[in-house]
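All chains should be modelled from the sequences, with the hints used to inform the complete structure.
Residue numbers (our numbering), protein chains in the order written: chain X, 5 to 282; chain F, 5 to 282.
Think of the hints as simulated: they come from the structure by calculation, not from any bench.
It should be emphasised that the depicted structure is a prediction, and the values quoted were computed from it without experimental measurement.
Wrong hints could be hidden among the right ones.
Intra- or inter-copy, both count: the list cannot distinguish identical chains.
[As the list claims (entries may be wrong)] Keeping only pairs whose Cα atoms sit at most 30 Å apart, straight-line, the calculated DSS-like set for lysine-lysine is:
#	residue 1	residue 2
1	Lys66	Lys6
2	Lys66	Lys278
3	Lys211	Lys6
4	Lys12	Lys182
5	Lys215	Lys12
6	Lys46	Lys211
Listed here are the chains, written in short residue letters.
2 protein chains.
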Amino acid sequence: MKQIESIKEFGGWLNRYQHPSTSCNCSMTFSVYLPPQAETEKVPVVYWLSGLTCTDDNVRTKAGAQRYAAELGLALVMPDTSPRGDDVADEEDRYDLGKGAGFYVNAIQQPWARHYQMYDYVTAELPALIEQNFPVLPGVKSISGHSMGGHGALICALKEEGAYRSVSAFAPICHPVKSGWGEGCFSAYLGDNRELWKAYDATELIKSGCKPMPVLIDHGLADEFLEEQLFPQDLEAAYRERGAPITLRMHEGYDHSYHFIATFIGEHLAYHAKALRG
Amino acid sequence: MKQIESIKEFGGWLNRYQHPSTSCNCSMTFSVYLPPQAETEKVPVVYWLSGLTCTDDNVRTKAGAQRYAAELGLALVMPDTSPRGDDVADEEDRYDLGKGAGFYVNAIQQPWARHYQMYDYVTAELPALIEQNFPVLPGVKSISGHSMGGHGALICALKEEGAYRSVSAFAPICHPVKSGWGEGCFSAYLGDNRELWKAYDATELIKSGCKPMPVLIDHGLADEFLEEQLFPQDLEAAYRERGAPITLRMHEGYDHSYHFIATFIGEHLAYHAKALRG
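Written out as structure tokens, the structure is:
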């Protein structure tokens, strides 16, 4: 693991690393924000999964999350959204397949399967690396994300029962088997058998018996992708069907951008801090 | 004036406009953040001048300022850093001259003079436009900025005595006649007579008798440009020579980036709010 950047922010440190990933079979980049508290004690971690086209840089630059992480004493871990490198399969003319669009699944179709193992990477390899190398409390972690990364946060928390103390999402793709983005990635990475797709779909996971862990989800009503891609009502219905509570907030006027995330990230991190420190 | 973007953030609105500028003789773009309070009352304004290579987009995306503006009831006005357009003179292979590097002066040398009238634009034309079109308190304004824009904020406030209630700056170019960035732009825009440069140099303005208005300035001690370009000690010496107080804070570990700005922008906006609402 090699540190490639170190920036002081809000009294803590925003560091960036490259490391050889055994899951993704390539070099991966991630950022970590260590709050000031991490200088004297081990801190809980919130993992942030970003959306289509992003790297680790978008959230750390645009969300304003570090201010709250410093106040709350939380580390933030921000992975990339896909494997990278010249030998990694890609669709260069598409923003929603290949690099920048790992969709947080383990691909089983070639040419994707060789590197696109993002589910294992974010749920297992990266947390192990973090716990080995940083002053964090082992196993004390939560997860959040945006859009494709909101989908990622939901499926990681639902599938890895007990692994995350809390989960939240901004404008997540709640029912990807029904969305164009999900169909494009799932058919490429997982093949034509739609039954296999359901193992990476939050709504389908709840329908098929996954424990309905509490979730905090924010959507903007002016989100240009809300109708066609996100389907929060499907996830809400699945939770209701199970008799489980879901906190789904629909915000008048907000769009899909980081300005929307910036507005509510403080509430999300406070929500996670309560679960992590409670 | 044409609205080209409108994004809800922290309960207020981040809007973007294009308008024909009489000062710069071209179409100019700027962003305005209106806090929630602006829906029911007129609010004070903080002008933000950005640094080399920036447009109006950098600060609104990276600084995290809107959160504090919403809390404090301040409008933020974020102009571009130079004239733009195909017929505007430029040095395409340089980031520190021409487009993105207006340096907040009125150019008197061709080919620059036709469009590079950024001093008049930010001190006169833009405030008039803002006060005519937005729910702001006329004449109740402050100014801040970063690097080249920190220089801009300082010279605007010092030269336009009484026009700004307060001024602050992040990593400003405090003595541009001595810095490579300043020399490059001043010689191009103003010509070889260095005496003319001093009218746009904060340190020289204080030396030559400008009223030493109180300033709040933050620098990072890990700023890679501190030694060669910024010269805060010269401005401090000029203030001391005049027997005037200056708040110059040197922060261990911080660099020149927006992560540094994000860390302290809340304190700057609170400083301005006190002056604007006091």
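Hint check results:
no. : hint             : verdict
1   : Lys66 <-> Lys6   : both (24 Å within a copy, 26 Å between copies)
2   : Lys66 <-> Lys278 : both (24 Å within a copy, 27 Å between copies)
3   : Lys211 <-> Lys6  : neither (42 Å within a copy, 48 Å between copies)
4   : Lys12 <-> Lys182 : between (42 Å within a copy, 28 Å between copies)
5   : Lys215 <-> Lys12 : neither (40 Å within a copy, 35 Å between copies)
6   : Lys46 <-> Lys211 : neither (37 Å within a copy, 51 Å between copies)
The structure fails hints 3, 5, 6 (numbered hints given earlier, in ascending order).
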